[in-house]
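*Asks:* Those sequence lines, one after another, are chains A and B.
Counting in numbering that gives the first Met the number 0, the first sequence runs from 0 upward without gaps.
Counting in numbering that gives the first Met the number 0, the second sequence runs from 0 upward without gaps.
Rather than coming from a laboratory, the hints here were simulated on the basis of the structure.
Glycine included, every Cβ here is placed at the ideal spot set by N, Cα and C.
Please note that the accuracy of each hint is not assured.
[Unchecked claim] Listed next, with one range per pair, are the computed distances between beta-carbon atoms: (1) B:F161 - A:L99: 43 to 51 Å; (2) A:A63 - B:L164: 47 to 55 Å; (3) A:E80 - B:I143: 50 to 58 Å; (4) B:I321 - A:A190: 49 to 57 Å; (5) B:V5 - A:N120: 29 to 37 Å; (6) A:E82 - B:W142: 25 to 33 Å; (7) B:L164 - A:K125: 54 to 62 Å; (8) B:V68 - A:L99: 20 to 28 Å; (9) B:D226 - A:Q145: 23 to 31 Å; (10) A:P104 - B:K69: 44 to 52 Å; (11) A:A190 - B:I143: 47 to 55 Å; (12) B:A140 - A:K243: 35 to 43 Å; (13) A:L99 - B:V5: 30 to 38 Å; (14) A:K125 - B:K107: 47 to 55 Å.
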Amino acid sequence: MTAILQVKDLKVHFQTDDGLVKAVDGVSFEIEAGKTLGIVGESGSGKSVTSLAIMGLHKGSRAAVSGEILIDGVDVNQATEAEVNKLRGKSMAMIFQDSLAALHPFFKVGDQIAEAYQVHNKVSKKAAQQVAVEMLGRVGIPNPTQRMEDFPHQFSGGMRQRVMIAMSLSCNPKLLIADEPTTALDVTVQAQILDLLRDLQREFGSSILMITHDLGVVAEIADDVLLMYAGKAIERGTVRELLKTPEHPYAWGLLTSIPKLTGATDSELLAIPGTPPSLITLPSGCSFSPRCSYKNRSKVDCESAMPELAGVKSNSSHLVSCHLSETDRVAIFKSEIAPKL
Amino acid sequence: MLAYLVRRLIGGATVMVLVSIFVFGLFFVLPADPARLACGKSCTPELMAEIRHTLELDIPLPAQYFRFVKGIVSGRTYLAGSEAQLDCAAPCLGYSYQTDELVTNLLKDRAPATLSIAFGASILWLLIGLSSGIVSALRRATWIDKFSQGAALAGASLQIYFVGLVLQFFLVDKLGWLSSPGYVSPNDYPMEWAQGMILPWLTLGFLLSAIYARLTRAGMIEVMSEDYIRTARAKGLTSRSVNFKHVMRAAITPIITVFGLDLGQLLGGAVITEYVFNIPGLGKLATEAVSNVDLPVIVGTVLVAAVFIVMANIVVDLVYMILDPKVRLA
Ligand SMILES: Nc1ncnc2c1ncn2[C@@H]1O[C@H](COP(=O)(O)OP(=O)(O)OP(=O)(O)O)[C@@H](O)[C@H]1O
Ligand SMILES: [Mg+2]
Numbered sequence: 000m001t002a003i004l005q006v007k008d009l010k011v012h013f014q015t016d017d018g019l020v021k022a023v024d025g026v027s028f029e030i031e032a033g034k035t036l037g038i039v040g041e042s043g044s045g046k047s048v049t050s051l052a053i054m055g056l057h058k059g060s061r062a063a064v065s066g067e068i069l070i071d072g073v074d075v076n077q078a079t080e081a082e083v084n085k086l087r088g089k090s091m092a093m094i095f096q097d098s099l100a101a102l103h104p105f106f107k108v109g110d111q112i113a114e115a116y117q118v119h120n121k122v123s124k125k126a127a128q129q130v131a132v133e134m135l136g137r138v139g140i141p142n143p144t145q146r147m148e149d150f151p152h153q154f155s156g157g158m159r160q161r162v163m164i165a166m167s168l169s170c171n172p173k174l175l176i177a178d179e180p181t182t183a184l185d186v187t188v189q190a191q192i193l194d195l196l197r198d199l200q201r202e203f204g205s206s207i208l209m210i211t212h213d214l215g216v217v218a219e220i221a222d223d224v225l226l227m228y229a230g231k232a233i234e235r236g237t238v239r240e241l242l243k244t245p246e247h248p249y250a251w252g253l254l255t256s257i258p259k260l261t262g263a264t265d266s267e268l269l270a271i272p273g274t275p276p277s278l279i280t281l282p283s284g285c286s287f288s289p290r291c292s293y294k295n296r297s298k299v300d301c302e303s304a305m306p307e308l309a310g311v312k313s314n315s316s317h318l319v320s321c322h323l324s325e326t327d328r329v330a331i332f333k334s335e336i337a338p339k340l
Numbered sequence: 000m001l002a003y004l005v006r007r008l009i010g011g012a013t014v015m016v017l018v019s020i021f022v023f024g025l026f027f028v029l030p031a032d033p034a035r036l037a038c039g040k041s042c043t044p045e046l047m048a049e050i051r052h053t054l055e056l057d058i059p060l061p062a063q064y065f066r067f068v069k070g071i072v073s074g075r076t077y078l079a080g081s082e083a084q085l086d087c088a089a090p091c092l093g094y095s096y097q098t099d100e101l102v103t104n105l106l107k108d109r110a111p112a113t114l115s116i117a118f119g120a121s122i123l124w125l126l127i128g129l130s131s132g133i134v135s136a137l138r139r140a141t142w143i144d145k146f147s148q149g150a151a152l153a154g155a156s157l158q159i160y161f162v163g164l165v166l167q168f169f170l171v172d173k174l175g176w177l178s179s180p181g182y183v184s185p186n187d188y189p190m191e192w193a194q195g196m197i198l199p200w201l202t203l204g205f206l207l208s209a210i211y212a213r214l215t216r217a218g219m220i221e222v223m224s225e226d227y228i229r230t231a232r233a234k235g236l237t238s239r240s241v242n243f244k245h246v247m248r249a250a251i252t253p254i255i256t257v258f259g260l261d262l263g264q265l266l267g268g269a270v271i272t273e274y275v276f277n278i279p280g281l282g283k284l285a286t287e288a289v290s291n292v293d294l295p296v297i298v299g300t301v302l303v304a305a306v307f308i309v310m311a312n313i314v315v316d317l318v319y320m321i322l323d324p325k326v327r328l329a
């Protein structure tokens, strides 16, 4: 399989008045053609910063970005703004979380979509408008010809997110980055949007980088999952591996904290204790250790160093960053976690 | 939209009525007696009574106001039926005590000079203000930004009379690069008109551009951090399209609003500029009228200024509706 996107040792650091914020600190992953990678992590774990780095949108800001971001044979991080402009929209496109804020309030949605098409296609305004109508129809907006003339605030949240999707897919990008595209929507609309994305992915053959803090979304749409915590990847594997046999205590916490409707009598809501660490003064050693309920079971001092992201013995594609030995993890999972799932 | 316009026009008319009542009231709260002022040096009690009658100051106050308004709407005749009958066609604002001329004629004579100042100065301050604001915003924290910020600060804190006199001293008196400021009709002497106007244009243009430079810079920087600008970049647009299409479109709206209001105010008379450069415009007319306690002229200039400000407000709101789809559809 060919990788559409390769990210190697990505670091994004912000110099702030309070100190150096290591928002993303050495993350690597790749996405294969037509596949969907889900990046999961709680608020502040560095998901958006990662996606903006891929789009090259930290350029011109105070962010210090290092590492390799390879797409279409170009390293986004080394490329000039003009070179990245050739990739944006065409090789990679992005859907943002807050569609109201992400669409220009003063331009008609039809013009905004047509503009996205015209950036990479030398066509007349009229032809681009025609493409926009088709795209709006394709993402399920009724009366697309009339809705072309409307402004973003005249759409409902779900419809507006469809507009964003139409705009991002107008140049048929190889990679679609979706940064929490459904977080602001209610559950039914959320499901519709995910269905739409899946259908479009099949039709257009794009790869998707789906950023979310919702494991339900991941289960629905992703092939592979990258779990982030405090700017680092702490577990990586297929959806099956991560949801059925998670290895990291943080993943256990996330999975067991999903409220269940069935068997409500004995299921308790297990939130992960504590709060995410400050990205300026990270705890020494494993950054999850202050919140980890299992660190005393580790034979290694969890505060000594950040554990390597290493393959689980039985399966080299499933990686985890944890000081617990594999046998301990398996034992804990079997006896304490699996019953709660 | 039409209903809105009608509503705003009614509102504007109401404001005008209130302003007219207020300035009309000036006649009577001021310690000066209009009849005494109009009577002149060789005044006798008989003459004074006659003038009182001529100016219709001997009828009750509300009736005077009513005639005053009626004069504006449909004209007015003083001393009707007598030999000295005076017809004052609508819009009648009465006669100057000082020169006995129709106030409307005075206003008509003086308006072109003010219009000339406003025309050139507003183009200049928009050009200077917008371009230096844009450059500042795009080259933030570079020397060029600091320089233009400094100039804007100077412009905002200096006064017209100071800058005007300094410029005049150097550019006209010392270096002789410019001819003395003054006003001639642009129809008859276009070159001389422009030459006479350069100094007022420069002074007003520089000082007011300071506000626009700061407004533009702040507006653009604020818009640049909006999510939709990030979206525009994510489409692959060049930074030029991002800045000049997406950023400017959002940043220009408040600037146009302020511009309309400034222009409306200026059209009513650039009082200090006209005074400093001795330009016979509406502002100069107003200052002269005030120092001569020429009440009809004071009332006339105040009303004209108020009309411009009220109209500018309405125009600005209409333009705002066109520029901002959210307001338009609300
Ligand atoms: N421009 C910036 N300057 C300084 N710190 C920043 C900047 N942008 C992001 N950060 C910090 O980087 C960290 C990661 O932010 P990011 O937006 O990637 O989180 P996220 O995982 O997307 O969270 P959420 O789920 O809330 O969207 C946060 O702690 C944030 O404060
Ligand atoms: Mg985010």
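*Asks:* That 47 to 55 Å hint for A:A63 and B:L164 (C-beta), does it hold up?
*Replies:* Once the Cβ atoms are compared, 52 Å apart, the range 47 to 55 Å for B:L164 and A:A63 holds.
*Asks:* Given a hinted range of 44 to 52 Å, is it respected by the beta-carbon distance of A:P104 and B:K69?
*Replies:* holds (49 Å)
*Asks:* With 35 to 43 Å as the target window, see if B:A140 and A:K243 comply at their CB atoms.
*Replies:* violated (53 Å)
*Asks:* Return holds or violated for the Cβ distance of A:E80 and B:I143 against the range 50 to 58 Å.
*Replies:* Violated, at about 20 Å.
*Asks:* Within 47 to 55 Å: is that where the Cβ-Cβ distance between A:K125 and B:K107 falls?
*Replies:* The hint (47 to 55 Å, Cβ to Cβ) holds, given that A:K125 and B:K107 are roughly 51 Å apart.
*Asks:* Is 49 to 57 Å right for how far apart the beta carbons of B:I321 and A:A190 are?
*Replies:* The hint (49 to 57 Å, Cβ to Cβ) is violated, given that B:I321 and A:A190 are roughly 40 Å apart.
*Asks:* Taking the CB of B:V68 and the CB of A:L99, does the distance hold inside 20 to 28 Å?
*Replies:* Given about 50 Å between the Cβ atoms, the range is violated.
*Asks:* For the hint 54 to 62 Å, verify it against the beta carbon of B:L164 and that of A:K125.
*Replies:* Hint holds: Cβ distance 58 Å, inside 54 to 62 Å.
*Asks:* Starting from the range 47 to 55 Å, see whether the pair A:A190 and B:I143 falls in it by beta-carbon distance.
*Replies:* Holds, since A:A190 and B:I143 (Cβ atoms, about 52 Å apart) stay within the stated range.
*Asks:* Within 43 to 51 Å or not, the Cβ separation of B:F161 and A:L99?
*Replies:* This hint holds: roughly 48 Å between Cβ atoms.
*Asks:* May I ask you to test the hint 30 to 38 Å on the CB atoms belonging to A:L99 and B:V5?
*Replies:* Holds, at about 33 Å.
*Asks:* Can the suggested window of 23 to 31 Å be confirmed for the beta-carbon pair B:D226 and A:Q145?
*Replies:* holds (26 Å)
Figure legend: structure checked against the earlier numbered hints; hints not met, in rising order: 3, 4, 5, 8 and 12.
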